[in-house]
Amino acid sequence: MHEPRRRPKKRLLRLRLNGRWREDAVSEGMLLVDYLRDVARLTGTKMGCDGGECGACTVLIDGEAVPSCITLASRCDERSVETIEALAAQGRLSRLQRAFHERLGTQCGFCTPGMIMAAEALLRRNPRPTDDEIRIALSGNLCRCTGYVKIIESVREAVGAGL
Amino acid sequence: MTSIPSADQKTARRGTPLIDGIDKVTGRARYTADLDHENALVGRILRSPVSHGEIVRLDASKARALEGVLAVITGDDCPYTYGVLPIAMNEFPLARGRVRYRGEPIAAVAAVDAKTAERALGLIEFKLEKLPAYYTSDAARAPGAVLLHENKPGNLERDVHHQFGDVNQGFTEADLVREQTFSCAEINHAQIEPHASLAEFDPLTGRLTVQTVSQVGYYLHLMLARCLEMDSSHIRVIKPFIGGGFGARVETLNFEIVTALLARASAGKVMMQLTREETFITHRARPQTDIRLKLGMKKNGRITACECEVVQRGGAYAGYGIITILYAGALLQGLYDIPAVKYDGYRVYANLPPCGAMRGHGSVDTRHAFECLVDRMAHELGLDPIAVRRANLLQAPTRTLNDLMVNSYGLAECIDKVERASQWRERIGRLPPGKGLGMACSHYVSGAAKPIHFTGEPHAVVNLKLDFDGGVTALTGAADIGQGSSTMVAIVVAETLDISLDRIRVVAADTAVTPKDNGAYSSRITFMVGNAAIDAAEKMKSILVAAAARKLEARPEDIECVAEVFRVGSGDQSSLPFADVVAAALVDEGAITVKGSFTCPPEAQGGKHRGGAVGSTMGFSYAAQVVEASVDEATGRVTVDKVWVALDCGRAINPLAVEGQIQGSVWMGMGQAISEETNYLDGLPAHASLLEYRMPTILDSPSIETYIVESHDPFGPFGAKEASEGALAGFAPALVNAIGNAIGLNLNELPVTPDRVMDALIQRQRQAKIANALKAAS
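Each protein sequence line maps, in turn, to chains A and B.
Numbering-wise (our numbering), the first sequence opens with residue 5 and increments by one.
Numbering-wise (our numbering), the second sequence opens with residue 7 and increments by one.
The shape of chain B in the complex, shown without the other chains (with noise of 0.2 Å):
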């Protein structure tokens, strides 16, 4: 636990602007596209035209004859898969015989130029025998498909099942039990840096250095190491500036060890860069997914029983797969109190660029069914859809059924703050025609209290030093994509040591430099790295508050540490500036090095039931969201007009990146509600540009009003807990039923586009049509 009140103090409660934000509005900031690549080769991947396919015949003899091609590389070439889980790594950076989705990259180039790589890719001789191909769930699941994987029947790549409570009893206890089923479309992360990657190989030394668009720089070391059977002490990992992550960047990426295994071959450096096409297909993002959800609850609105299936279109590969469908399960709990839960999930294989993680993984889908539902039967009860959610709140701390950790639960004080903000109360149901309020509510993890490569290492390890100059080096494996993490160590270092945030520099994400971090995803990295930042902290400041006692000739634990001025407690006059306390412990001891660590306790890392590490947490977020529409029943289409959303995030460390985190994950949860979709033709991505793929404009985006709540987290940095996802799967869900409380009809599907609109209202017209003619008839 750390103190609270004296960090409330200290922080100028506004926030601070991004260490590195100078950089970014300068266009000094060097992203992996921006390095220098002068000599570089360039790199280009050959992809797959089928979409399931054996490879009969590949010959990369006449783009190897080719002047300038430096390097041709085929599945030959690296026998290793690679991949996520240890049990579940299924895909090979080049295919090796068969092909599974349009696209899959099956040999590489490096060339001296662009025009000759290209060249050469054309040059490559390749015959595929088609086999056949799956683009949904159901027809991978059918009887007689062809298998894309061997071990795994059916093309389930996992199915799970768990069931919390008596479900039974609970429906049986219910006044109204209701079922539906809801589909929400494979959406991208679309950062808007397109992928790259440069990789250098010294062959004198034998030494690789790739620097990329890595969010967990770790995993790809590893992978690294393993495909191009390396020696690990021989890689070095750095991130440069980063365009944004969201997940796409967490798992290694297929052309990340492309690049590298072409620069080994080449004996050189090659330069990657994808195009916003191949971008694309190098996917990893939320599924398609379809939902079917029971929910028993009693007239006074509390939830008795909640019975959900959930089926996720993964893709050709394995990636996150196993870990996207047990969230899904996982994080019904946790939120609300539910004394019956039942899970079955299936993530399927499908001849697609294959799923991954994405912004508020696993959950949002699920959510947002939950979401809808419950506002459903609030309706169809007479109750307010504010106060069923408010029937079913948790009381912090407790344990869910499965198992997982709510320490801090500021959840009620969210809902407090959007019902007053939006004036729920005074306006809901007298709204003008056609404009309708909707609200929902949405919790994500700090962190994965169990990580993926399970070692027993500390979660978090950052290192600090200080030596003659007075300045504090923050070393941390933690990514900054953009979400600020860098400047978040500074902070929480500053704020210890008590010493100007103008002193600290972060050096961060650099496997030959920084301490191992598992990097830039489940919103790990404030909560876990921060700890780990402020463990170091105090321990550097013991050691000058030693040097100052000495100094001052008192008890170190009556000097006190104020704004680089170092006294003996109250009434001493004496004191010391920081820099005579640093010069002072440097005579001790030279420069100052120091290193603090974190650890999610066991007790932290979930049930013991099979898949019960997925959800575990130290500290779950809250978020509370009201969502203001307008639908034109003429044409379809959906105007959200202005959000208000609060985040239980324990305390904000910095209020403006966690402000700049609410805004954009509500937004992206915006994008998914509204109109983004992927869509493929017979495998072939319809969407693969920026302007078919339609995440929202400026025009298109409403004001969106952010409340911080802070419930103090007894184990968050200084009370700290995520902020950047929780508030993301709320939203699809709060204008889903605003569209409800404006019109009158229930949407089923995401995204929320005018023809999907216009074909519920065509429907709707329809079955009244009908209705009348039956009532007429009798």
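Looking at chain A on its own, in the form it has when it is part of the complex (with noise of 0.2 Å):
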């Protein structure tokens, strides 16, 4: 039983993390999120099922939210990833933060996280979505505390915020 393991492959990866360019060696097959939740100890980011299914791992990639766990790690080699740290990284909520918190758009707040930074992405791209457009976007994000009603209010109440 004591056989030689074997080493697995790593290749040093390198991306800007929540503003900062860092390097790590990561072995080829790791996930996205495990390399943010065990590398980079950022748990903010959640797993809520086994593979791309709830959405609570959302990510921002260059902008574009993408579920990090069934994305590889080394796929952001030299690109941009924000976490759901980043967003209140100069000492104040950010205006999806804020409204989720003042309008009970997060209840258990399990999906929080992926649930803001799809509206991020969502803002980002079209500053004053409408409600469909709400919807659509965070088609992808399963919540099972608030009905989404109070999610699509924070949403909008961050649109209106942010004009």
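None of these hints come from the bench; they were simulated from the model.
Nothing here was measured: the structure is a model prediction, and the numbers come from that model.
Pairs of lysine-lysine residues, derived as BS3-like cross-links and limited to a Cα-Cα distance of at most 25 Å, are as follows: (1) B:LYS522 x B:LYS456; (2) A:LYS13 x B:LYS121; (3) B:LYS133 x B:LYS68; (4) B:LYS557 x B:LYS545; (5) B:LYS471 x B:LYS557; (6) B:LYS121 x A:LYS14.
Derived, one-sided and incomplete: chain A residues facing chain B with beta-carbon distance under 10 Å: (7) ASP42; (8) THR49; (9) GLY55; (10) GLN101; (11) CYS147; (12) TYR152; (13) ILE155.
According to the in silico footprint, chain B covers these stretches of chain A (three or more CB under 8 Å from chain B): (14) 78-92; (15) 115-129.
Note that the Cβ used here is the ideal one computed from N, Cα and C, for glycine as well.
Take the two lone chains, each set in its own frame, and fit them into one complex as the hints suggest.
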């Protein structure tokens, strides 16, 4: 039972994570969510399913909302990745974070980081979305607490605050 | 009784964001999987591949010999059962002798990393000798079926037979008697956070610390002491942030005990994270339920009698089963005035993952049948569905036939609100083809007045500490699982002391620090913990008032405290700020600690009949809702266009959170009504992912217009009752009634998926054809 352990192949990943460039040696098959949670220690990004079903792990890659649980970390080489931890970086909540807090767009909070990142991507490309556009942008993110009513209200409120 | 008017004046009525909301929106909130486990071992569970079988061989020696494996445990490592009711604990953390459902844990491994743990699982050798397996209530109850549990003949966990009033006379007096059968699919809580547990055993001190997703740390604490044969003073259970519960985490779950057993066996720290599939298999949700319901009704809509038979397919172990089958009958009452009620309930064992408590525990499926049948009988009698509900209202205060207290009752106002808001009178019967309106009412308890682990202790205890810093720390065992219970505690303490909410810090659900609490179940926290928190705050206030009185040289009864200023009653200008009063009070006795408690009196704890404690509560919430729906007869697809819901929560301590709870519960009812169901193929779950378990997405989710009705319960904290569960049960019947209104089709199965709607439509066409043919022939 003492077979020599195969060393997993690793490669150097260079990416801009929440505004700062960093380099890490990561195994080729490592998922972005595992990189974020276990290597970069950013646990705001959540895992709610066994892969690509719930949206709790949504992060931004070059501004686009992506489920990090079905994205290889190596795909982010030389790219910019943003997680929920980036949004309140200047010591104040982002308009989406403030709205989700004040309008109770969050209850248990587990889907919230992914939900806010999906909404963030929407507002960056479309600062004045309609309710239907909000629904479509968040349709890959499951929430079990709110019935989505206050999530839509929160995004709407953030849109208003940004005008 | 508490001072309602002053409380009303004090609160900003829009509501308060959650005190832990900023942690949630920033990603700082740490859930179990987020806790530091860098050096922890990884736990994995080996699960049974068969639905029913004897374990004839189980050999873990090869797995134990694998490098990097620190512990392998099997049923041999824990000879103690765990469960809910002391009389019905029939489940081992790891199966012993026999497995009773596919996916039941049979062994577990702790290893240095996930890969090693998974390899070790593959090295465990076992042989299971298959037994006949039963996947339906009928098959399990059939004569000659192999018993899942030797002491339970007929595979019946419990049968309940209750009769109140003269049912026969009721049916004789009725102008219309109808009997129908309904079937509701099994569903799952599907909270977004998968199950996880982190356990650390210190072999040097013999102490165990478990951080886990439990809604009731106290039960887990009891079960850990039992299953690990430990002195309970050596155990600490801590609740981190929890990603939803809905009842999934009320009972102690097998993986929680398994993780603790692994931590002790490996003398270290073990992180167990279940997959989504395993989280589904752990289950404990709403059972598949068959209902036969018979109602009698007068021409004026008065219900004269109710006879109901319920069969629940409970899964392989007891869990909450006895409670669920009792709730299903007990809560036939308490909503309307019904002169006679007969109930026969059967909780059946089957070779499937065990069912348990889920939001609206036990009441939802029977309420569905009841509200559908009432509507259909109203239609037959040419009565308006709303008028029929109005004809059967209770008058509070009263006691139901089964001895449940009804102390406040805002149902009439709830009905008025949704009738007006939906423009029911103007629109019913005048909607375009394929569109319909339906309504239903529902209710739920504000905490079980008799707890499951009955000890005679108060139902809730809250400690408050006030020290030199002027901050008030509230210590409560109540588990905030996202419903906002910690925020509720902070609000009632701040309101009672009339101090800023910012001064309050809530420390919750850590059995080493917080007083014992029965946890987050049966919507008990606002009512019970809220009352205990007010009690504690009033004691603290009297200490502060006494200190202020001495300082101001006045009598305590003349001291007023408004917005952190203590002054001698009207006219006198002398006053003291909060900080000075705290300083004066500390001179007298040092750091102030007080304790508040709340107890439901014996007369609230239900009837004397067997099982009579279930359903008992100090206050029922009441809800009415109207659903507008569209049915596409070509595809069978049902779309929920809009919901109007009103809930009587006594008084909304935090209106924002109350709205959120009402919307969430209505929506969860919608999931059960339109799309959610669990299915098994030879015991293998076919739904065990968030793709196959079809909870509604944001695209399927309608606008839910919410109205809060405040009936000011005489016993609730500031008059409050529960708000999280009462509205759930009304959704499905309101929707099915709306479908009936839209296309005249009476559906008797949940969920109303397109295939079920199409089947019913085809059936109706066939029947029409046969009727036409018969007419032509005659």
